[in-house]
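Following the hints, complete the assembly by docking chain B onto the known chain A.
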Amino acid sequence: MSGLRVVKPAAGSGQPERRAEGAQPLLEFVGVAKHFFVGGELRPAVEDVELAVRPGEIVTLVGPSGCGKSTLLNMAAGLFAPTRGAVRYGGTAVAGLNHSVGYMTQQDHLLPWRTTLDNIALPLELRGEARDRRIARALDLVRVVGLQGFERHFPSQLSGGMRKRCALARLLAYDPETLLLDEPFGALDAQLRLGLQAELLRLVRELGKTALFVTHDLDEAIALADRCVVFQGRPGRIVEQITVDLPPDRDLLALRLLPRYVELTQRLWRRMAPELARASAPERAR
Amino acid sequence: MSAFATWAWRVVLVIAFLVLWEVASGRLVPPLFVSSPSVVAGKLWGLAASGKLAYHASYTAMHALAGFALGAAAGMAAGLALGRWHRLAEVLDPFLMGFYSVPKIALAPLFILWFGVGTQMKVLFVAMIVFLLVFLNTYTGVRNVSREQLAILRLMRATEAQLMRKVVLPSAVAWVFTGLRLSVPYALIGAIMGEMLASNRGLGYLLADASAQFDTGGAFAALAAIIVLAILLNALVRLAERKALPWREAETAREFSF
Numbered sequence: 014m015s016g017l018r019v020v021k022p023a024a025g026s027g028q029p030e031r032r033a034e035g036a037q038p039l040l041e042f043v044g045v046a047k048h049f050f051v052g053g054e055l056r057p058a059v060e061d062v063e064l065a066v067r068p069g070e071i072v073t074l075v076g077p078s079g080c081g082k083s084t085l086l087n088m089a090a091g092l093f094a095p096t097r098g099a100v101r102y103g104g105t106a107v108a109g110l111n112h113s114v115g116y117m118t119q120q121d122h123l124l125p126w127r128t129t130l131d132n133i134a135l136p137l138e139l140r141g142e143a144r145d146r147r148i149a150r151a152l153d154l155v156r157v158v159g160l161q162g163f164e165r166h167f168p169s170q171l172s173g174g175m176r177k178r179c180a181l182a183r184l185l186a187y188d189p190e191t192l193l194l195d196e197p198f199g200a201l202d203a204q205l206r207l208g209l210q211a212e213l214l215r216l217v218r219e220l221g222k223t224a225l226f227v228t229h230d231l232d233e234a235i236a237l238a239d240r241c242v243v244f245q246g247r248p249g250r251i252v253e254q255i256t257v258d259l260p261p262d263r264d265l266l267a268l269r270l271l272p273r274y275v276e277l278t279q280r281l282w283r284r285m286a287p288e289l290a291r292a293s294a295p296e297r298a299r
Numbered sequence: 098m099s100a101f102a103t104w105a106w107r108v109v110l111v112i113a114f115l116v117l118w119e120v121a122s123g124r125l126v127p128p129l130f131v132s133s134p135s136v137v138a139g140k141l142w143g144l145a146a147s148g149k150l151a152y153h154a155s156y157t158a159m160h161a162l163a164g165f166a167l168g169a170a171a172g173m174a175a176g177l178a179l180g181r182w183h184r185l186a187e188v189l190d191p192f193l194m195g196f197y198s199v200p201k202i203a204l205a206p207l208f209i210l211w212f213g214v215g216t217q218m219k220v221l222f223v224a225m226i227v228f229l230l231v232f233l234n235t236y237t238g239v240r241n242v243s244r245e246q247l248a249i250l251r252l253m254r255a256t257e258a259q260l261m262r263k264v265v266l267p268s269a270v271a272w273v274f275t276g277l278r279l280s281v282p283y284a285l286i287g288a289i290m291g292e293m294l295a296s297n298r299g300l301g302y303l304l305a306d307a308s309a310q311f312d313t314g315g316a317f318a319a320l321a322a323i324i325v326l327a328i329l330l331n332a333l334v335r336l337a338e339r340k341a342l343p344w345r346e347a348e349t350a351r352e353f354s355f
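Chains A and B, in that order, give the protein sequences.
Counting the first sequence from 1 gives a position; the working numbering is that position plus 13.
Counting the second sequence from 1 gives a position; the working numbering is that position plus 97.
Derived by calculation from the structure, the hints in this document are not laboratory data.
We put the beta carbon where it would ideally sit given N, CA and C, even for glycine.
Some hints could be false.
Stated by the list, open to error - Taking lysine to aspartate or glutamate pairs in the EDC-like style, the calculated list, with each CA pair at most 16 angstroms apart, reads:
(1) B:LYS149 with B:ASP306
(2) B:LYS263 with A:ASP131
(3) B:LYS263 with A:ASP232
(4) B:LYS340 with B:ASP312
What the hints assert, rightly or not - What the simulated footprint calls covered on chain A by chain B, stretch by stretch (three residues with Cβ under 8 angstroms from a Cβ of chain B suffice, anywhere in the stretch; the number is not a length):
(5) 112-124
(6) 135-145
For reference, chain A alone in the conformation it holds in the complex (with noise of 0.2 angstroms):
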């Protein structure tokens, strides 16, 4: 985990290229299930889930809600155990809390009584870092997330978009390997969701991260995906992954006008909502 050390723009073109095909997966879940104890009784959350991540992609999960999607990555982050099957990462099966992995939530989870700069620091605190070496380093990730000039103002002094942006810093200041991200950028408005979603993109692809990204946005699905996985039902069940072969190092704005990105989605808006799809099909017709 040192690929952090490196943040500059991407105007070089030598990024670690990790995603091999064929290459060893990194995080895996194998015949995955997991029940849930709901008011007395045992309820499944997903079922059968089959799915390989391998280094450096980013794979995205959608589907309607309730269906499982976060509790897989509460299992990848080794937060409790599958009821069947395994899930492995880096060839072993996760054990109790998997470190390898940061993890952002729809909440930012700030700690409120903590500055900007104080937030971004606290996993380089945690780990020991000294104090000059931890406000540098927290310095460089504001400039990273555009939080100049807030540096000293705590969470409820944040807009939304900005403490998102906060707590993207601190996921960053920690360097995981792997990202798994529940909804981060949910409730922000489509100029900042855009803005960021383009500065994740931009990292993850330039520190060589894996990242699985939770969403309900379908344009988001596919936009920053390498692989869009759908889920359906309860209990959830993958049932499609789209491989999406855009290029990796895309332009968000411009993609939008890329016919075969318009295809993609297309087909990911027929499968979440076939009647709907249907419906205007023969408008699209004319």
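Relative to the frame of chain A, chain B by itself:
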């Protein structure tokens, strides 16, 4: 309304009240019952000039502050311990709730029996009341730390000691201050009550003594002194809170949103 106008209205209200009081006293209501502002002012001035006011007020303040400090420290410690030790908390829960709902004043005679009529009794009586409030708030604070929050930091390799120091304690502090703010009036109630029941000094004694001699003016003078002391104690806690929790200040200053 501007801050100035608000204050102006307050002053007008106080003056109107005092005038009404002065006029009513002796005309509508016998002075024995309500005294009058001029008499009360005279009494206050006499008490202040003779040094009696400072003498009695300092005892009450000492009883309240010492009890407050003792009760708050014990309450924080117990709240933290029980907040972490879930099994014990579960066992003790009904007893604590039962004890909490006892009117604390009912325990005053027992405290006199146990600790006599001296300073010790008043301080411990105040401490007992403050302890309960601070304890319950601290305990709630520790229990309310988000489990998700802790999980995220554990993933970042935080040790249990680090979680305690960097998450549990700071978030409990916010609740501790809520407990402290709630405790201020109770600390004064405890001190005054103790002094009224068994003492020969303190504002509570002054109040009880004046009433016993049908010196209504003296009683109102003591009451006025008690009110001033309460306001000062409240201001002190708020000042401490502002110093200890600057982020809370930021929270209340932010614009209104859901």
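A quick look at each hint next to the structure:
1. Using a Cα cut-off of 16 angstroms, the hinted pair LYS149 (chain B) and ASP306 (chain B) holds, with the two alpha carbons roughly 13 angstroms apart.
2. With a CA separation close to 11 angstroms, the supplied pair LYS263 (chain B) and ASP131 (chain A) stays within the 16 angstroms bound.
3. With a C-alpha separation of about 39 angstroms, the suggested pairing of LYS263 (chain B) with ASP232 (chain A) is violated against the 16 angstroms cut-off.
4. Among the hinted pairs, LYS340 (chain B) with ASP312 (chain B) is inconsistent with the structure: their alpha-carbon atoms are about 43 angstroms apart, more than 16 angstroms.
5. Judged by the Cβ-Cβ criterion of 8 angstroms, the region 112-124 of chain A is covered by chain B as claimed, because 8 of its residues qualify and three suffice.
6. Chain B is given as covering the region 135-145 of chain A, and this holds because 5 residues of the stretch bring a CB closer than 8 angstroms to a CB of that chain, at least three being needed.
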